[in-house]
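K.L.:
Now for the letters of each chain:
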Amino acid sequence: MRFRVVIVAVGLMLSALAAGAQERATGYRAPRTPDGYPDLQGFWTNLTYTPFERPRELANKPFYTEQEAIDFFNRSIAGSQDQIVHYVNGDFGATPVQTGARPNRRTSLVVDPADGRVPPLTPEAQKRQQALLAADKARGPLAQTWRDDRGTVWCVFHDRAVPAVVAPYGSNYHIVQSKDWIVMTYEWNTERRLIALDGRPHAPPSARTYAGDARGHWEGETLVVETTNFTAKRNFLGSPGTPPATSASAGLTLVERFTRTADDTILHTYTVTDPATWTRPWTVELPMHRINGPMLEYACNENNQDGFAALKNARLEEAGKLAPLEPMRRGDAKAAIAEQEEKGAAKVIGAEDEKK
Amino acid sequence: MKRATVAALLGAALLVALPRPGLGEGQGQGQQGYTAPRTKSGQSDLNGFWQALNTAHWDLEAHEAAPGPVLQLGAAHAVPPGLGVVIGGPIPYKLEALEKKKQYAKNALKEDAEIKCYLPGVPRMMYMPYPVQIVQSTEFILMMSEFATAQRTINMTTNNRPPADTWMGWSNGRWEGDTLVIDSRGFLGSTIGALDQEGAIEVRFLDRAGNYHTDGLHVVERIRRTGPDHLSYEATIEDPNVYSRPWTISMPLYRRVEPNMQLGEFKCEEFVSDLVYGKYQKGSGQ
Amino acid sequence: MQGRAFVVFTGVIAALGGAMVSAHHSWNTVFSEDKPLVLKGTVAKVELVNPHGWIWIDVKNADGTVTKWGIEGGPPNGLVRNGITKDSLKLGEELTVRGYGSRDGSNLLAGVQYERADGKAFFLANEGAEATAKARGNLK
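Chains as they are written, first to last, in our numbering: chain P, 1 to 356; chain H, 1 to 286; chain V, 1 to 140.
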């Protein structure tokens, strides 16, 4: 019964998606802000189950049929939560579909090159990545510092905010527009993009940031944003952002287009260019769908108990005071804990005498 | 003229002559007639970059100069003097709360959220020595500080209770003429330490001098343009856990007028990682 | 080389397949699968914070003493958008939580299943499917 509801609802959504594309072709005109610009304001999600890169076996298949897209979406929902030791995402409304993800007829988010995969790294970039991988491997399996991605949480900048790469959750934006600025606040880590619309030049090249320096202008219904000045402390899929001024490379440049194609959809496409890293530019298409607010603050540093625990436990493990970590099992979390309780393996604390 | 009428007239004249409660002396007095340009939605235009220029972030109350807590930082981090921003100061602490404040003042270096690049809270964000950008739309007004990418979202068309508590609070705003009035609640009150709660206290500081609040905080701010490049900023602070009555701070905020002004990115979490996580790290996280 | 190596991500690209991996990092560095626990207590504090909310409950031990346990949960935005707020759980109400204890023995639990006094599962457990369907029609 539930499955049928899923099919029907998904079918309706796909029609909505198809209709959106038609409206785009016929020229949907977004309502205007008081300043006369297309209104992109509101809360939006780009959560999706569509993979970033196209699986190699689908290299020549950029689009699913409607039915294939529905099937893929349903399979993805079913398979999206499989950690035993973890809260259940569905309980927190945090799964992509609960947040507002919709089926996508595309088989990948990368739409150019034609095979739907990020182009090859340049030889220089390959060497860089290999060195990074080797250095990371040499640090061993335990977290040494806060920077190590081994159970710690990096609270400085959430990379997936820009350029937009879908995160497992919290991949939502709150867009607010004034006459001269557009602010896009990203849910995970409350990152923000400040897009100046007044035609000013970019900041000087030595003023680099994690979120980059964004300049926007309108082309009809489309907001075009050019972002440069990414700090070299970033590593976006191999690109170290903007290298020092001594480098011949201009660094990573991001050009995005935001077009509202329906009341509840913004089509977001972006092209990434960095000749020192990739052999050619590449383009991503990532639809944004409207969701409800609010967007509560994400104070990562303040609540980073997991970060402390991962580091503390790593030190205890090194000192032999804690059993080494075993690979995490996957499965249905609720079924697993229920099973433990049934067979009497779960310790019960706080139960009163059997009165109730 | 009847005596009663004369009395009434005199009384009315007196009322008009009394300074408007809450306005700092000299502030806005030459500007009371100023009407700011309006946004296309018809509201007073608060868009832009604003910054406080006082020592409120050191100490909200009037204070003399004093040595800083770190010897090696010498004069660069000594406490400059200040005339205070509290109207009719000092802050009306309850007796036992005042004793706590003195303790916090002693331990500020260890316990102040600012040191750890935690979110500064309200109203502290508004008078920290960093620019605050206001971006104004009909439904939301965003106030964004350069410090730690702190951000406030002011709800302008709804008036709901806070659904959850946050460090920056839940803010509902409305216009009273050309004055933006913001009512904020739903504040988290503690400063968290590590997992074993070192450096954790059940309060948040309002400045570097240990003035503090709990999760009982309620703030009402009044912000309005007093000239092309000035805002008048007042915040009435209430916390029954700490103070015996509400009290109000008042200060001008100055527009950052340099061309092409924009917020820099000051993600200080990165610079304090060793301070915060150091005891559990192997090597430096910088 | 200074700077955070986002090396993990190049591998994750391949893994960003049809089945969306739910966690941004593994919780098993903090909590242990070998410590399944059932805690029965009363709600002392509710912190709906990102990325992981915390519910603190007072649990009475067999010897009569009371221990405060912290139960780590999920993010609050999805809850709030589905009508659950910090006031949904009443202070002092009974709560039973099933989950996994911490590796180092501190009084923390990774909460998997939450049950109120009336036996009803809490958060969106019952409404999960509804929230899912509602999300699809969740247009402003």
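Simulated from the structure, these hints should not be mistaken for lab results.
Treat the hints with caution; some may be incorrect.
Said to hold, decoys possible - The following residues of chain V were derived to be distant from chain H, with all beta-carbon distances above 10 Å:
{"hint": "1", "residue": "Ala44"}
{"hint": "2", "residue": "Glu47"}
{"hint": "3", "residue": "Leu48"}
{"hint": "4", "residue": "Thr96"}
What the hints assert, rightly or not - Not the full set, but computed from the structure, chain H residues with beta-carbon under 7 Å of chain P:
{"hint": "5", "residue": "Lys100"}
{"hint": "6", "residue": "Tyr104"}
{"hint": "7", "residue": "Trp167"}
The structure presented is a predicted model; accordingly, all values stated were derived computationally and were not measured.
All C-beta atoms in this analysis are idealised placements derived from N, C-alpha and C, irrespective of residue type, glycine included.
K.L.:
For each hint given before, does the structure comply? Return the numbers of the non-compliant ones in rising order.
P.N.:
2, 3, 5, 6
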